[in-house]
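Asker: Each chain, letter by letter, is given below.
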Amino acid sequence: MPDRPDLLPRLGAFARLLHDAGLEAGPRRLTDATRALTFIDIKKEADFRSALRTAFVSRKDDIATFEAAFDIFWAPPNPRAAAGVLPGRARSLPLSPERALAWSNALGLNSSQMNRQQETSVVPATSSGYSAQELLRHKDFEAMTWQETEQVRRLLEQAPWRVAERRTRRLRAARSGTIDLRRTARHAIRSSGELVRLFRRRPRLRRRPLVLVCDVSGSMERYSRLLMIFAHAIARREDLEAFVFSTRLTRITRLLRQRDLDRALASVSKGVHDFSGGTRIGDALADFNRHWARRVLGHGAVVIIISDGWDRGDPSQLTSELIHLRRSAHRLIWLNPLLGSKGYEPLTRGMVAALPYCDDFLAAHNVQALDDLGRLLAGLDRRSARR
Amino acid sequence: MTAPASIDDVERRLRERRYIGDRGLATSIFLALKLEKPLFIEGEAGVGKTEAAKVMADVLGARLIRLQCYEGIDLAHAVYEWNYPRQLLHIRLLGEGEDRRTAEREIFSSEFLLRRPLLDAIDNDDPTPPVLLIDEIDRSDEEFEAFLLELLSDFQVSIPEIGTIKAKHPPLVVITSNRTREVHDALKRRCLYHWIDYPDLEKEVEIVRARAPEAAEGLAREVAALVQGLRSMELYKVPGVAETLDWARSLAALGATRIDAALVDATLGAALKYQEDLERIREQVPALVEKARGA
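Protein sequence lines, in the order shown, are assigned to chains G and S. Using this note's numbering, the first residue of the first sequence is number 1, and each one after it goes up by one. Using this note's numbering, the first residue of the second sequence is number 1, and each one after it goes up by one.
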């Protein structure tokens, strides 16, 4: 463990490494960590580690990043040992390429374990009139050029709909509704205990959370980019949790929060390892039901699955997972891009297994279809009971 | 009781109170005490988050004040409320004139105030500051979180009719969350953080021995091993330590000293709470029991 004299500057540097790796390691945390170290025996590595963890980490998902950063940063200064497999774990840190390079130089590490360079493409903006937009609304995503996707992004961002509200248990003052005994009594006291006026209250409304579970397997490749643009556009204004899957499920909520679309898409494609792989919808939903449902399906969430239903998994598994999912969600909507093509019938094994358990089955092949979805979401009712 | 002097001291005191936690938790508790910061504890359901706060109060010889959160919780339920029925009665019993004006002052005094947990925790005269447990904060909403944020930064409450009440000795705050939604970063930033994981086999045996002493040693080990086995399977609801304890107690109550397939099958509901999980695991009970008995 570190010697005392250079501990403070090193702690500052460690906080910067955590910050670069995406943890919230601001001055307040650094102060806490510094103070924490004065109370413990820093020669005990486990305690030193726990003290920094309790000060710098504030969510479970960040623990792995913290541990990796700790191992890299506080490892014995032996470049040979540090270059290859790091003590304990061989995880790489989620750093941007330029930061990864800077850190590997600063810490004397081999940079190969850090991230590879990402090419970002810039789509030139072009102007378009109303009629062009109208055409674009009905154009299949599959047939779009890059310029057109850029226009679609704008269309989606300007889409007028918002997700419907639900009643919460919090009450607020209102003209009509149930009697607010507290305020009524309060007012009565001012008039010597006479009930002069009745106050009322009713439940406050809040937007329902949306949960998007999007298929990005090989068969959906043509639609993936636009659907990600769609997800990014909704993430900007709604309470959205987003997941993608092909062979396994990945949560992309945090990646989509970046304001800049290209950056968000780049981090999604970096964070998701099986873009355009095979499809196992049942497995993905099983994973979702077991590990995420409890965390993201509170407060009357609406779940949207986007997939063409080409499934290589077991249809009976898909059925049982959908039944479970439908019970935990306010509404289960399945979007299928193929539904827009002429003569399409939902006959794939996956789709046949899924159809009876979805509340809605809609197309998702062009902007118009996504707008229809928006109207459906805006019109959901406020009650908590659904069926 | 004196405050703990070291992490070892916290660990020892927790153990004396039959709370078997890991060293990381002891470190977080120790630092929360030393830095006088709230401790934010997260973990799956039934891993002993609430229990940690209770034991902590006991360790410090402090009073435990618990606020259970729920959707729609507001200041009237969390901080204070005037006792309106009493106020109304009081004011109607008095006539007009001078009497009434005095009465109006009287009814907004602390005698007519219903103190809720947060006010209780701030306005305390305890020799040792109390431990304030804000349980399952993820069930409350953003408005309440925002209020807590304010409360935790200056430990004071203002009541318009009485004035501002500031804590002489700020309570030690423990906040727990089951992660049914993400709690806002601003609130977490004010806290130290600890994630309680499921214990490993040896630790879980120790927990069962400490918390359910009626279960014989062999039974404790087998039940713990059984639950460890269940946790590695894909379940809708993974059993927590609370379930292990329930299960061990149920089996002990049935007079079991070891497990067998019939007993496990009959008591499976102590560990699994979803029909789908029960159905799936039922078929595999003999194999699971055999594996657990070998552990």
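Because the hints were derived from the structure by calculation, they are not lab data. Each residue gets a CB set at the ideal place from its N, CA and C atoms; glycine is no exception. Check before you lean on any hint, since a few could be wrong.
Restraint ranges, calculated between C-beta atoms of paired labels, are given here [stated by the list, open to error]:
no.	chain 1	residue 1	chain 2	residue 2	range
1	G	Q158	S	T180	43 to 53 Å
2	G	D61	S	K273	47 to 57 Å
3	G	S328	S	G218	30 to 40 Å
4	S	Y274	G	D61	16 to 26 Å
5	S	H184	G	R349	53 to 63 Å
6	G	L181	S	K291	56 to 66 Å
7	S	T164	G	G108	48 to 58 Å
8	G	Q158	S	Q156	22 to 32 Å
9	S	I162	G	S96	47 to 57 Å
10	G	N105	S	A287	49 to 59 Å
11	S	Q156	G	E194	31 to 41 Å
12	S	T102	G	T184	17 to 27 Å
13	G	T184	S	S110	47 to 57 Å
14	S	S110	G	R202	25 to 35 Å
Computed, partial: chain S to chain G, Cβ under 7 Å [unchecked claim]:
no.	residue
15	I7
16	G24
17	T27
18	L33
19	R179
20	R181
21	L187
22	K188
23	H194
24	W195
25	I281
26	Q284
Asker: All hints are to be evaluated individually against the structure, with a verdict given for each.
Answerer: Quick rundown of the hints versus the structure:
At about 33 Å, the beta-carbon gap between Q158 (chain G) and T180 (chain S) misses the expected band of 43 to 53 Å. Checked against the given bound of 47 to 57 Å, the beta carbons of D61 (chain G) and K273 (chain S), roughly 25 Å apart, lie outside it. Take S328 (chain G) and G218 (chain S): their Cβ atoms lie about 39 Å apart, and the range 30 to 40 Å holds. Taking the beta carbon of each, Y274 (chain S) and D61 (chain G) are about 25 Å apart, inside 16 to 26 Å as hinted.
Checked against the given bound of 53 to 63 Å, the beta carbons of H184 (chain S) and R349 (chain G), roughly 43 Å apart, lie outside it. As the Cβ distance of L181 (chain G) to K291 (chain S) is approximately 59 Å, the hint placing it in 56 to 66 Å holds. Here the CB-CB span from T164 (chain S) to G108 (chain G) is close to 55 Å, well matched to the stated 48 to 58 Å. The supplied range of 22 to 32 Å is broken by Q158 (chain G) and Q156 (chain S), whose beta-carbon atoms lie about 45 Å from each other.
Distance hint check for I162 (chain S) and S96 (chain G): the Cβ-Cβ separation is about 53 Å, which falls inside the suggested range of 47 to 57 Å. Taking 49 to 59 Å as the suggested C-beta distance range, the pair N105 (chain G) and A287 (chain S) conforms, at roughly 53 Å. A hinted range of 31 to 41 Å for the beta carbons of Q156 (chain S) and E194 (chain G) is consistent with their spacing of about 35 Å. Against the hinted window of 17 to 27 Å, the Cβ-Cβ separation of T102 (chain S) and T184 (chain G) comes to about 24 Å, which satisfies the hint.
Taking the beta carbon of each, T184 (chain G) and S110 (chain S) are about 23 Å apart, not inside 47 to 57 Å as hinted. A beta carbon spacing of about 32 Å between S110 (chain S) and R202 (chain G) agrees with the range 25 to 35 Å that was offered as a hint. Interface hint at I7 (chain S): satisfied, since its Cβ lies 6 Å from the closest Cβ of chain G, which is below the 7 Å cut-off. A least Cβ separation of about 4 Å between G24 (chain S) and chain G falls short of the 7 Å threshold, and the interface hint therefore holds.
The restraint placing T27 (chain S) at the interface with chain G holds, with a minimum CB-CB distance near 4 Å, inside the 7 Å limit. Taking 7 Å as the C-beta cut-off, the interface hint given for L33 (chain S) is violated, the closest approach to chain G being about 9 Å. With 7 Å as the threshold, the beta carbon of R179 (chain S) comes within range of chain G, its nearest partner Cβ sitting at about 5 Å, so the hint holds. Below 7 Å, beta-carbon pairs count as interface contacts, and R181 (chain S) has one with chain G at about 5 Å; its hint therefore holds.
Restraint check, L187 (chain S) versus chain G: the minimum CB separation of about 9 Å is more than 7 Å; hint violated. Taken as an interface hint, K188 (chain S) checks out: its beta carbon lies about 4 Å from the nearest beta carbon of chain G, inside 7 Å. At a threshold of 7 Å, the smallest CB-CB gap from H194 (chain S) to chain G is about 6 Å, leaving the interface hint in force. Interface hint status for W195 (chain S): upheld, as the beta-carbon distance to the closest one in chain G is roughly 5 Å, under 7 Å.
With a least beta-carbon distance of about 14 Å to chain G, the hint placing I281 (chain S) at the interface is violated under the 7 Å criterion. The beta carbon of Q284 (chain S) is not positioned within 7 Å of any beta carbon in chain G (closest approach about 17 Å), and the interface hint is therefore violated.
Violated hints, listed in ascending order, are 1, 2, 5, 8, 13, 18, 21, 25, 26; each of the other numbered hints is respected by the structure.
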